[in-house]
Each structure stands twice: as C-alpha cells, then as structure tokens.
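*Asks:* Following the hints, complete the assembly by docking chain B onto the known chain A.
Chains as they are written, first to last, in the working numbering: chain A, 1 to 614; chain B, 1001 to 1220.
Errors might be hidden in some of the hints.
[Stated by the list, open to error] Derived pair list, reagent style DSS-like, types lysine-lysine, alpha-carbon separation capped at 27 Å:
hint : chain 1 : residue 1 : chain 2 : residue 2
1    : A       : 4         : B       : 1197
2    : A       : 8         : B       : 1197
3    : B       : 1141      : A       : 8
4    : A       : 574       : A       : 229
[As the list claims (entries may be wrong)] Here chain B is said to cover these stretches of chain A; the calculated rule only asks that three of the stretch's residues, wherever they fall, bring their Cβ under 8 Å from a Cβ of chain B:
hint : stretch
5    : 21 to 31
6    : 299 to 308
To be clear, the hints were calculated from the coordinates, so they are not data collected in a lab. Glycine residues also receive a C-beta, built at the ideal position from the N, C-alpha and C atoms.
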Amino acid sequence: MFNKEIEKILPLVQKPARYTGGELNSILKDKTKVKLRYAFCFPDSYEIGMSHLGIKILYDCANARDDVWCERVFAPWHDMEALMRERNLPLYALESGDPIKDFDLIGFTLMYELCYTNVLNMLDLAGLPVRAADRTALTPIVVGGGACACNAEPMAQFFDMFCLGEGEEVFDEVFDLLERAKAEGWSKAAFLKMAAQIEGIYVPSLYDVRYNDDGTVAAITPHDGAPEKIKKLVISDFDHVRYPDKFIVPFIEVVHDRVTHEIMRGCIRGCRFCQAGFLYRPIREKSPDTINDQCRRLCDVTGYDEISLSSLSTSDYTQLETLLDKLLEWTIPEKINIALPSLRVDNFSDSLMEKLNKVRRSGLTFAPEAGTQRLRDAINKNVTEEEVLRTSRKAFAGGWTAVKLYFMLGLPTETLDDVAGIADLAQQVVNEFYRNPDKPKGKGVTVSISVASFVPKPFTPFQWEPQDTREMLLEKQAHLLSCIHTKKINASFHKVDISFLEGVFARGDRRLSAVIEYAWAHGCKFDGWDDSFRFDTWMESFAACGVDPLFYTSRRRSFDEVLPWDHLDYGIRKEFLIREAKKAYESKTTPHCRIHCAGCGADRLNGGNCDAHA
Amino acid sequence: MRTLRVFFEKRGNIRYISHLDLMRTMTRAIRRSGIPLWYTEGFNPHPYMTFALPLSLGMESLCESMDIRIEDDTPEADILAALQSAMPQGIEITAVKPPVLDPKFIAFAAFDCVFEDAADPDAFCVKADELLHRDSLIVQKLGKKGHKKVMKDVDLLEHLQSFSLQKEGDALRLRLVLPAGSTTNVNPALLCDELLKLTDGAVYRITRTALYTKDMEPFA
Chain A
1 MFNKEIEKIL PLVQKPARYT GGELNSILKD KTKVKLRYAF CFPDSYEIGM SHLGIKILYD
61 CANARDDVWC ERVFAPWHDM EALMRERNLP LYALESGDPI KDFDLIGFTL MYELCYTNVL
121 NMLDLAGLPV RAADRTALTP IVVGGGACAC NAEPMAQFFD MFCLGEGEEV FDEVFDLLER
181 AKAEGWSKAA FLKMAAQIEG IYVPSLYDVR YNDDGTVAAI TPHDGAPEKI KKLVISDFDH
241 VRYPDKFIVP FIEVVHDRVT HEIMRGCIRG CRFCQAGFLY RPIREKSPDT INDQCRRLCD
301 VTGYDEISLS SLSTSDYTQL ETLLDKLLEW TIPEKINIAL PSLRVDNFSD SLMEKLNKVR
361 RSGLTFAPEA GTQRLRDAIN KNVTEEEVLR TSRKAFAGGW TAVKLYFMLG LPTETLDDVA
421 GIADLAQQVV NEFYRNPDKP KGKGVTVSIS VASFVPKPFT PFQWEPQDTR EMLLEKQAHL
481 LSCIHTKKIN ASFHKVDISF LEGVFARGDR RLSAVIEYAW AHGCKFDGWD DSFRFDTWME
541 SFAACGVDPL FYTSRRRSFD EVLPWDHLDY GIRKEFLIRE AKKAYESKTT PHCRIHCAGC
601 GADRLNGGNC DAHA
Chain B
1001 MRTLRVFFEK RGNIRYISHL DLMRTMTRAI RRSGIPLWYT EGFNPHPYMT FALPLSLGME
1061 SLCESMDIRI EDDTPEADIL AALQSAMPQG IEITAVKPPV LDPKFIAFAA FDCVFEDAAD
1121 PDAFCVKADE LLHRDSLIVQ KLGKKGHKKV MKDVDLLEHL QSFSLQKEGD ALRLRLVLPA
1181 GSTTNVNPAL LCDELLKLTD GAVYRITRTA LYTKDMEPFA
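One chain only, chain A, in its complex shape:
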C-alpha cells in the first residue's frame, strides 16, 4: 500500500484512519491496466469530504470506466501536514498511496470560497507549482468544479480548467480527449484549446480580462477559438442518471455518515438570496421507485441505519408521501431512520408529521430566514408568520420540544426593526409551546436560532447588492441579542470576518489570485475553520497586493456593469434577475415555479424542459 515512511508518522497524528484508505467499497484497480490516473481532491478534512454527496457520485462515474482509476485525496490536517513536510512526503491518493503529482488529472471540488487556500496547499504538498502557467507539462491537468465554479475567477490563475454545472456526463469527453492527447503527445496548450470546445468546460487562460479605470471589468474576450459564453451542463434525464450503487463506508465518524439520496435537483421557490436555488435549475425530480430501489440497495451494501432524502427543498418533492410510504415499508422493520432535511413550514402536513413519527425522532429545523413579513417578502421566502407558528404548534403537539430556526442578518433592505422581528418570532414560537394543552410534563422548550450573515452571490437577484460591513453586522447581532428576553431562546451567529472574506471571493475577479497566493504563502489554510482562520493575515495580504476588499463587498454594482462571471451561462437570464431585484426593493413576491413560471430561462439548458411546468 503506501510507503513505509507514511507508516512511521501515522502513530504520531490524530485520527490516522483519515490517511490510510482501505474503507469498505473503496475502489482498487491495477494501475498497469488503466490509461488515466485521476486524483479527486476535496480541499477540506476527510470528515467533511467524505460527507459530500458530489464526491460519491463523481467517484462512481469516473470509476465506471475501466481505463480510468479515480482515487480520493483530502486535505491533511495540520499535524499530518507538518510531519509530511518535515519528512518530504508528497501528497498521495488514498486508494493506491501513490503521489498525485504523477497523476494525469487532478480535480478539486470547490464547494465554498473558504477552501481556496487549501487548494493551493494541496497542490504544493503534492510537489506541484500552484500557478497553472508554471505547470507546463501536459499532465497533470488541474480541473475545478462544484458550486464555486460559477465564479471561480479568483482561482483562475491556479486552474487549467473548470467544469460548469453537473459533472456526471462531461468527464467522459474529458477523459477521451486526455487519453488521445497523451497518446499523440500533445502540448498542454493544444489540449486546453481542444478541451475548451467541450460543452461545460471553461479554460480561463483562453479569456482575457480588461479593466476600466474605476477597477470594474471592461470586457472578457475569448481567444484561440474558445466560445464567447460557456454553458453549464445539465443532466436531462435525472431519473435515469447514474447514481452510485455503493457508498464508501468510512471507518471514522464523518459529518454525514449515512445513505444520502438526492431526490430532486433545482428548487421551485426562487428565494432571492439563495444561489443554489438558481444555480441548480431547471427543476428535475427522480421517481419514487428509482429512489426507493437505490436507497434499498445502498442500505444493503453499506449497513447504514439512516437515509437522508436530500434536495434544496424536500417537502416540495411532488410525491414525497408516496415515496415515504414505499420506504417505510422496509425501513421500519429494518430499523432504519429517515431524515428529511430542508423541510418548509408552509407544506408540512399532518400526515407527513405522522410518517416522520414512525421513525426515530430527530430535530426539527425550519428556515424563516427573516424576522418580518416585509423582509420575507423582499427576499421572496413566501412563508408567513402564521405558517411558522402553525408548524411549530403541530410539532409541539407531535411531541417535539426543540425547534431550530435559521435566519440571516444583513439582507438587502433590512432595518433594525427586521432584526428585532427575529427575536419576536422566536418568542412567539416559545409561547406557542406553552399554549399547547398536552405539552409534556416537566419539559421546557428550546428554540435555537442560528443566525448567518447574508453574502450576496453571483447568479442571484442580489448579485449587485452591497454586503453589510462587519461593523454593521456586529451591531445587528448585538441588537438582536438585546431583544431576546428568555433563556429558552439560544442564539448562535456566524463569524462576521469569515462572511466578509466569503463575500470578497464570491463576487471576486482574477486580481484576487495574488491575494490568495500571498495569504496561503503566509500560513492561511482551513479558513472555514474558526480556529484556523487568520483574519489579520488576510487583511495584510490585501494590503500587500494593493487590493481593496471593500471594492468587492461594499459597493453597489449597477445593473449594466460587466460582472466577472458574465461569460458563464447558468441558464438564468440577467433580465430575470434584474426584474427580481426590482421587485425585492418593493417587497413584492414572485409565486413559486409551479404556480406560475417566472421565465428565469434555465429550461433552455434542458431543451425547454422543466419539471415545474411539466
């Protein structure tokens, strides 16, 4: 397996099983019999990475090919990294133990902005130059994908290419092309020029970005035959798309340690702050039979005792009750729990409650997002106070004594009254508990409110909005705390410094590559982890590179400004986003996609098909 030097350091690190591989259902191949070695990297810890559904799907798709061996790589934790560097041990792939610098393809999932320094760190640990231009050989080709690929401009200098949208099918074409390039001895430039012709593949080095005097983007121009617009890929037949028939079962406990099934892609709601709600359109549902069969098989091969039915809004799945009936038939006798994350308060029915009660009870979480009706209308959450209270009432009557509510601070048009409204709504939920005549004796209620900071993201109606400064957010957090008068409400907040940095990169451009490189070189990594995050180093890095971070966060962009991601086509029309932004200023809602198609344009990616208006 891996080299003996690794074996020497494993007894010295925490949780050595993060680094050994060998888990059930991991895939081993004969390396002499494959044409391509693919290192699939997740720029965060093993425990986070192994919880990620996308990795499981793409690992399975790539390994379906006999000529490709796809292996996993995670960011080594600080203790392991220090020992690897001290003993000159390069980053290796978990399945084979081979150094990834000799692989043909290195892929990174960019699931959120604060993993960027980890990408650089992993390339460096592998023994590769971090800048794409400094890696001159054909292989390894470094490719990025995932949610952040919709504006990975801050990472453009480090990647050879990005894959936009859903990766299940595009990789076949990339593998074929790379095999050909290797066989025929192409240069890297020749390969990238050809790769840019594959739909969904974005080669940043084939686009020149010019800037205006005020620092905004003047134009993004393709060369060498690269397309003007790169269109995101969508899977059109979602019911029959390849889904893993086995999951790797980690030895150590990971964050989401269970069978996960993606029952629906896209979201009908159109909440204006939610990037995922727009990025993953159009709406596509999987059939209850497909889901039921796949869940059954996955439980059999993993031995997991929990299934999570995941999607952006699980209660909007049209056949949820049919599906639950099918699942409960075998999950109850087999003592398997079903988790439904992402439930909405407005369609949480009595019969759904009853079905959930048949399995082990987990926490109930709802997301009103804002404290007042006016602001909920502005963000198009389409949830009323009465619905929140009615659902809480049902939950309390059903025996729950703890409810978690998600909110955001810093939403566009927000005032201090809206902030106070959060405390008020939580208080009303508490009151609702004590109004229940059958409340369990001797038990109190806990209402946890988790309060995030709003970060404007590309491809949302709020992509032009200024983000609240750290000072404004701290003031709002303090105001919210001052409005809470009971210990039955627990409030927790996101760190404003982290939200600020996330905001810089979310809508950033290529000039930020230098900042990321500087920060990484000065010790920043695992930025998403509170105890690893080094805000001061980041601020020094901005200063050293002459970049003003507030240019990216605090500035209101005009609707006609060229945005750094304007050459990427995620299906959503800009006119639609502008229309939605203007409605937000008037606190006007847009009905969800099943009531009335708002004409976002995403169905064009799927030949005009969208399950919401089927």
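*Replies:* Quick look at chain B alone, frame taken from chain A:
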C-alpha cells in the same frame, strides 16, 4: 435469543481505527451480513454488542472478541460465513461459539512486538536485552486519581510476566506478557517506546496475540 462470542483478527491498516470506530464498523458489518440480530427493546432499539477488551489504536490483534445476541438458532458456521462476507478488509473472523468465560476474568495479554529499520540492529539487540534484564524500569503513565487524570510512575519490569527477545534478520522480535483487563492494564507501547530510545530510525509494530486468565488459561 442467545449470546455468541465472535473471535476475530484485526490486521493491516485497520489497526489505525479506534475502539469506538471499530464498534461502529462492526455494527454496520453485522447489519450487512443479514444475520438475525437481537435488538434491545427500548425507545431507541440497538443491537447488543460488547467487546472483551478494547485494543489500543495502532495495534494489530489475533485474539479480539465481541459478544452479540442472535434471535434464532442459525448454526454458528452460517453466522461465521455471513459475518466474514460482510467484513471490511483487515478483519478476519476466526470462530463463532458460545462464550465460556466472562471477560472480567481476563488478567493477562501476550504481545508480539517487531522492531524494524534500526540503524545498527546488532547493537540495538544487545542494548534491548540489557534493558529488559534491569531490576526496574520506571516510566510515567497517565493514570486516574479519583476523577482527575494525573501522571503516575509505573515500573514496567515489575509488571512484565515473561518475555523473549529474538533477532530475525535485521528485525527484532520481542514477545511479552503483561497484565491486562479491568484491574491492572499495562500498555506494551510504554515498553516499546523505551526500547526505541536505544536506537535511531526504528519503528515498531505491536500485535496482541492472546488473552489469559489469572491462571494463564486462554480466554474463551
């Protein structure tokens, strides 16, 4: 419902998983095996599973065992086969049979410690032998005083029941028997770490090879 003792080996990379991880791994493997497991009848049903003596992280073993409860009278050979087919790499089921002894009677454990990559294997062997023949070897060990964790002095050689030291090529094999179980437990790594100080570059690998009662009867 009946109780069965499942004996197994834990070897290779799976030695890097902790006792807690092993329990989770076994729960899942048993579910995959489809054997008719008996579940507790409480509000949150879970399988009955108890391990004789937890193994330290990093050690291999030839003598692990866990007790499980089965609903019906499926033959033990069938249970063994079903369990084996569901095990991850590194776990080998060696026997399934009714338990004879309560794990509380475990008093000693035998270990096989192999040292490799010593800079000068011959010199290392001599020094190791000398150290093992001293009158005492006091090391500090994390122990408990009431509920507080404190460092305690332990004389490793006082606890050492028996040992043999053998040179095999450039490797050094130390076989030893130490107290194990709920009353006194001495981790062989404490002794191995002392030996490691006698040389440069060496690494060791420990395998637990057997468990015994106070009368040196094998645990069954």
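*Asks:* Hint by hint, where does the structure go against what was stated? Just the numbers, ascending.
*Replies:* When the structure is compared with the hints, none of them turns out to be violated.
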